[in-house]
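Visitor: Listed here are the chains, written in short residue letters.
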Amino acid sequence: MNGEIIAFCCEHSAYVAADAAGKQGLHCPENLRIIRVPCAGRVDIIHILKAMEEGAAAVLVLGCEDGLCQHLTGNIRARERVNYSEMLLKEVGIDGRRVAMFNLAANAPHKFIQAVNEMNERMKELGEGK
Amino acid sequence: MQVKMGIFLCDCGGSLKNIDFPRIGGNLENLEDVAFVDISHNLCLGEGKKAMTSRILTENINRVVIAACSPEFCEGDFAVLLEKLRLNPNLLSLANIREQCSWAHEGDVSAKALALVMMAVDRARLLEPVETKEVAVKNEVLVVGGGFCGMKVSLELSQLGIRTTLMERESTLGGQIRELEGFYGPQREAMIKAVEKAETIEIITSAEVTGVEGKIGDFTVRIKKGKKKILRTFGAIVFATGYKTEVAAGDFPIKPGVNIISQQRLAQLLQAPTPEAKPETIGFIFDLFDENSRFPTLATLNGALAVKQRWGSEVYVFCKNVKVDSEGVEKLYREAREQGVVFFKFDEKPTISADDDRVKIEAKDVLLGEDVTLTCNLVVAEEKFLPSEGTEGLSSLLKIKTDSRGFYQEENVNIYPVSSERKGIFFIGNCRGDLGLGRVLTDIFSVVSRIRELLSPGVVEEVDRVKVDSQKCVACLTCIRVCPHSAAQLVQIDSEKVAADISQLACDRCGICAAVCPAKAIKFEGYSDEQILAQIEAIGAL
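As they're listed, the protein sequences go chains F and W.
The first sequence begins at 3 in the working numbering and counts up by one.
The second sequence begins at 7 in the working numbering and counts up by one.
Treat the hints as calculated values from the structure; they're not laboratory data.
Treat the hints with care, since some could be wrong.
Simulated restraints, written as ranges between beta carbons of each label pair [stated by the list, open to error]: (1) E252(W) - G95(F): 55 to 63 Å; (2) G69(F) - K526(W): 26 to 34 Å; (3) S359(W) - M89(F): 56 to 64 Å.
Note that the structure is a prediction, hence the values are computed from the model and not measured.
The C-beta atom is built at its ideal place from N, Cα and C for all residues, glycine as well.
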């Protein structure tokens, strides 16, 4: 692995937004790897930590906007888990900013690109960004 | 069973020029378990599908990996194809190399495309077949609430030949349309008669729901009618429990009473024989609490017009804005203006004071830029639009969330408008907020089509995707607590062991339970921990 950003994308919002970004020719950094999940609430701490262990530069969890989760609480749970993993990473000496959660809607490809770019900028600062 | 995988790469009619397909194919061919790698130009078209079909049959593979466009487009199509070939549709793993690879980047992206296919390959290895069975649904609907919405839905459903039970808390049908002035007047009795006459509608009055168990297609509902308890089963449930309006005593400086009355009280006065001393000047006031409410606008316009016609009084309306976005309201507003109703727009809350038997309203009109003082005989005050009595109890009984104002259905685009987080339970009309007549009618027709869609095949598909390992389960109830769709419950496994069980029909496949289970006893096939971790490891291995 060399500096990939692993993004867990909710299939109701972020995954569709990623598709739309491609369709509209909005380019994002090539080191992005998307893993499709049925809801951001499916993402567990172990998935985030495994990604870091495997050498990912950053992990993104992308879910629906607040209050608009199809499963009502999925995005809220995801954010809690992201916060918790940040804390765990800090404990083992990894910068917590390498993990982040963003909320976006299916019709917001620009927000998707923004999220990935922001993460990529952070990685440049923290190392391993491209 | 030994995994035997076939990989199909699609270059989308040769348009994905920044991916070197032969090179990727070469890299993939030598992987373990891979029987063949095919490069196609158009997998989604007849020709491509035909070639794919014969290849799957001759090579006798048991896992299919397809690298093509987004699964949003092609997943369903390929799943159907696999099903036709007697291959379980869950044994399909897709790599999105068009939208999220070729189109998303400039320059040669072969390396990324290869990584995406490798992720799909490693996931495919761990896929297991998912069983699907058909479960019969009960072709009968319960409609709770005998107001306009409930009656209209029952009538529409009866025209489609779907048996309906219409339940009403009061002793008579009609609900709020008995009280409302204007819109429904003449049709009201005709509507009640039509409902009573319809053969497929059974009416239970003076009854309340005390329990709902089961799942879509087969709900067991406990109904309490007086001291009698009734147990019935239904395929779907529609709640049209409506709203109530209220003038809170503390909201006005003077107590509502003779000179300051509610809109509902005005409607009652208008329906009664004309009083001898007609009020000469009447002031209407709304927008004091909630700027979004359409209901007070409609009630005010209807009331103002009726007052003009029947009592001939002078009518003044104080508000922030006249909301004319519901059907027919713009027309009503124009009519009111033509009849001589005067509208004042305020920005700051007007002061209301009582002086003997007259009420004084002082406001600053934003258009005139001047202070307006009106002394009138009668003030009709805005009512707060609130969920009907018992909404809170019912929502906790059903395990359905309400919004900050206590109505069902937050404006969540995913379950909006009429469905709820529990499949087969619908909410329509003003029990989910202040909608206005146009949107209420839209609700009615959308719920009728949803119910028809649901009940007319006679069966629903039950996909056995989320499983609980009863040996690992420690019955900690976490999944039951977190499931947003009320799909998890406890079941007795044997004489000693109790374990959680996920009802596949109620489940909406979010995987929250699989993520929170402390014992890792819940497996969500297709998105299991192993399958997600395999994809991460595939990225790590490159």
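Visitor: Now, for every hint given, state plainly whether the structure supports it.
Guide: Here is how each hint holds up against the structure:
For E252(W) paired with G95(F), a C-beta distance near 59 Å keeps the hint of 55 to 63 Å intact. For the pair G69(F) and K526(W), the beta carbons lie near 30 Å from each other, so the given range of 26 to 34 Å is met. Distance hint check: the CB atoms of S359(W) and M89(F) are about 58 Å apart, consistent with the given range 56 to 64 Å.
Of the numbered hints listed earlier, not one is contradicted by the structure.
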